[in-house]
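These protein sequence lines are chains L and C, in that order. According to the numbering used here, the stretch in the first sequence is residues 5 to 300, in order. According to the numbering used here, the stretch in the second sequence is residues 68 to 424, in order.
Because the hints were derived from the structure by calculation, they are not lab data. There could be a bad hint or two in this list.
Simulated restraints, written as ranges between beta carbons of each label pair [what the hints assert, rightly or not]:
1. Pro179(C) to Pro106(L): 36 to 44 Å
2. Glu189(C) to Arg206(L): 21 to 29 Å
3. Thr276(L) to Arg176(C): 54 to 62 Å
4. Pro383(C) to Pro214(L): 26 to 34 Å
Ideal Cβ placement from N, Cα and C applies to all residues, glycine included.
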Amino acid sequence: MSTQRAGGWASGGALLALPSLAFVLVVAGLPLALLLSFAVSDVGMSRGAIVSWSLTTEHFIAAVGDPLYHAAFARSFTLAASVTVLCLLFGFPIAYLHLRSPGWLRTVILVATIAPLLTSAIVRTYAWIVILGRQRGLLNQALLGLGLIDEPLRLINTHWAVLIGMTQIHLPIMVLPLIAVMSRQDPRLEDAALNLGASRLRTLRDVTLPLAVPGIGAGASLVFALSYTTFVVPQLLGGGNYLNAATMIYEQMIFALDWSKGAVTAAIMLATCLATVFAITMATRRAMRWSDQARA
Amino acid sequence: MSGQGVAAFLDVAGVSKAFGAHAALDDCTLAVRQGEIVTLLGASGCGKTTLLRIIAGFVAPDSGTVRLGGQDALAMPVNRRPIGVVFQSYALFPHMTVARNVGYGLRVRGVPREEQRRRLAEALELVSLTAFADRYPAQLSGGQQQRVALARALVLAPQLLLLDEPFSALDAKLRAAMQSEVRRLIKSVGITAVFVTHDQDEAMGISDAIAVMRGGRIEQAGPPAEVYDRPASAFVADFVGAANHWPDEARGGRVTLPAGLSVPSRVIGRVSVMVRPHNLEPCPVGAEGAAWRGRVAFVRPSGPFLEIEVLVEGAPLPFRVTVPRAGAVPAPGEAVALRVRDLSACFVFPRLDQAAA
Numbered sequence: 005m006s007t008q009r010a011g012g013w014a015s016g017g018a019l020l021a022l023p024s025l026a027f028v029l030v031v032a033g034l035p036l037a038l039l040l041s042f043a044v045s046d047v048g049m050s051r052g053a054i055v056s057w058s059l060t061t062e063h064f065i066a067a068v069g070d071p072l073y074h075a076a077f078a079r080s081f082t083l084a085a086s087v088t089v090l091c092l093l094f095g096f097p098i099a100y101l102h103l104r105s106p107g108w109l110r111t112v113i114l115v116a117t118i119a120p121l122l123t124s125a126i127v128r129t130y131a132w133i134v135i136l137g138r139q140r141g142l143l144n145q146a147l148l149g150l151g152l153i154d155e156p157l158r159l160i161n162t163h164w165a166v167l168i169g170m171t172q173i174h175l176p177i178m179v180l181p182l183i184a185v186m187s188r189q190d191p192r193l194e195d196a197a198l199n200l201g202a203s204r205l206r207t208l209r210d211v212t213l214p215l216a217v218p219g220i221g222a223g224a225s226l227v228f229a230l231s232y233t234t235f236v237v238p239q240l241l242g243g244g245n246y247l248n249a250a251t252m253i254y255e256q257m258i259f260a261l262d263w264s265k266g267a268v269t270a271a272i273m274l275a276t277c278l279a280t281v282f283a284i285t286m287a288t289r290r291a292m293r294w295s296d297q298a299r300a
Numbered sequence: 068m069s070g071q072g073v074a075a076f077l078d079v080a081g082v083s084k085a086f087g088a089h090a091a092l093d094d095c096t097l098a099v100r101q102g103e104i105v106t107l108l109g110a111s112g113c114g115k116t117t118l119l120r121i122i123a124g125f126v127a128p129d130s131g132t133v134r135l136g137g138q139d140a141l142a143m144p145v146n147r148r149p150i151g152v153v154f155q156s157y158a159l160f161p162h163m164t165v166a167r168n169v170g171y172g173l174r175v176r177g178v179p180r181e182e183q184r185r186r187l188a189e190a191l192e193l194v195s196l197t198a199f200a201d202r203y204p205a206q207l208s209g210g211q212q213q214r215v216a217l218a219r220a221l222v223l224a225p226q227l228l229l230l231d232e233p234f235s236a237l238d239a240k241l242r243a244a245m246q247s248e249v250r251r252l253i254k255s256v257g258i259t260a261v262f263v264t265h266d267q268d269e270a271m272g273i274s275d276a277i278a279v280m281r282g283g284r285i286e287q288a289g290p291p292a293e294v295y296d297r298p299a300s301a302f303v304a305d306f307v308g309a310a311n312h313w314p315d316e317a318r319g320g321r322v323t324l325p326a327g328l329s330v331p332s333r334v335i336g337r338v339s340v341m342v343r344p345h346n347l348e349p350c351p352v353g354a355e356g357a358a359w360r361g362r363v364a365f366v367r368p369s370g371p372f373l374e375i376e377v378l379v380e381g382a383p384l385p386f387r388v389t390v391p392r393a394g395a396v397p398a399p400g401e402a403v404a405l406r407v408r409d410l411s412a413c414f415v416f417p418r419l420d421q422a423a424a
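Chain L on its own, in the form it takes in the complex (with noise of 0.2 Å):
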């Protein structure tokens, strides 16, 4: 009957998007088109206020010649990476055993996943400062009482101690994913590699691996983006003199009031980020070219 009905989008549902696009806009569009425009431009302040305002590229060009932006973003990429790898590692084993387990277990596990996600990331990263510490840390302390060593490790303020913290607050947004992914999988598909002789580790590697590309896809984009950019973990656990391109930003924009040196950090990060979730989404799509020609 009516024909409005067949008016499409523009008069249905865009409009209904039209609020939440106007504040993602002001939020998130404004903030960085500032920041990005800082990043090109010569900005003279005075007491606060902006006095002169002229565009340059120079600081992208000291940026780019600088070790010390070298040795910030390598650090910040191998530290992301490797947070992405040992998540991966840590994580499967849970979402399989998740796979595998009974109703009740299956739920214990999402919830033990779950629970640390409820608590800030700040108290979690404290709660390694803890475990971590030099003199008074749990780690340090047993160790010492089982006399396996003769003094305190070093384990706080170092690297290690950013990886294991990371590792362990990004975990869940690793397993999650997976979880989401590996049990929408057919039970019978393990079945039928089994049936024709496949061993249960063939299996895991031959069908189960490969159709949880999608969750590792994910897991991986998210957890990567997240431990390149994050700034708390680092600053807490690797101390004062950590550098990365995080803490680099915040020495830049914070302590040293260089507004445009921190906007062009900022805008190389962001770069950096979007190329390698970019790569990674990549890659999964390679790994999935069985369902794309499925649907071609």
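Keeping the supplied structure of chain L fixed, place chain C upon it in accordance with the hints.
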């Protein structure tokens, strides 16, 4: 099913399995001869799939034995049993092409490359899917997917083929075609096969023997015609085909129907006389030998037959009568009498309400 004394190829004896407090299988015994196609028929939850999964090795029974070709199958690990399975909705590996799906078992077993290629080609040829070797399962129709699943199981030359509701994902027309196609295929390779289905037409059409299951037990096992014509219980009579129920009393080994007709009965007391729809024939009221009188409720064409529903005086449920489409057809509302064509093809069982008490 084998009779006594004939060596069974697949011999399931006294198998029971409980999941928690629920007894899924209760002392199941089944014997299948070599080359025979047997169907486990029953409603959902009757234990038929559990029995299939026990034979395949996915589930271990609590008690009982499963022997295959004289050997203890339960002693063989699940991935070493010479048993092929066609799963419900096929369980094809979605990330592998048809060729890789069918060849998977050969690769896993480390069959030499050259032999792999030859056997894969043969298997694809067998199910006429050679042209589809490089497609992914999602690019195939339901019938083609099913043939891939069959080829994947048969390429390993198993001693026994198990099929779990293999036709349930197909639409009605394709289902009928695939049933005869699959039966032809299985017979051409000469493999022993066990089907699981809840569809009695499918069971009748495909099997050499049927085992009707209920509540974890095998209620009756035998050739399709025997199960249909001589059901062992009221449940079987109802499950393997429509039956009309006439409540009556049995005395002295007989039930006396209206019009003085008499049917032998092995039980006494409150019974239900069951008559298949095709064993009834409408006739004019007052005709000789007519057991029941009633009124036609409606007439429904069903293929080459007509299905007539008659509200019979004294019967709790209307009777269904199947007649050929030719000849005079009673109209709805008309009074008719019903005559039994073959009194020996009526079954007498204790009335269900009584059996339950």
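Regarding Pro179(C) and Pro106(L), is the given constraint of 36 to 44 Å on their beta-carbon distance met?
holds, 41 Å
Given the range 21 to 29 Å, decide if the beta-carbon distance of Glu189(C) to Arg206(L) lies inside it.
About 24 Å separates the Cβ atoms of Glu189(C) and Arg206(L), which means 21 to 29 Å holds.
Starting from the range 26 to 34 Å, see whether the pair Pro383(C) and Pro214(L) falls in it by beta-carbon distance.
For Pro214(L) against Pro383(C), whose Cβ atoms are near 58 Å apart, the range 26 to 34 Å is violated.
Cβ distance range 54 to 62 Å for Thr276(L) and Arg176(C), holds or violated:
violated, 47 Å
Consistency note: the structure conflicts with the earlier hints numbered 3, 4.
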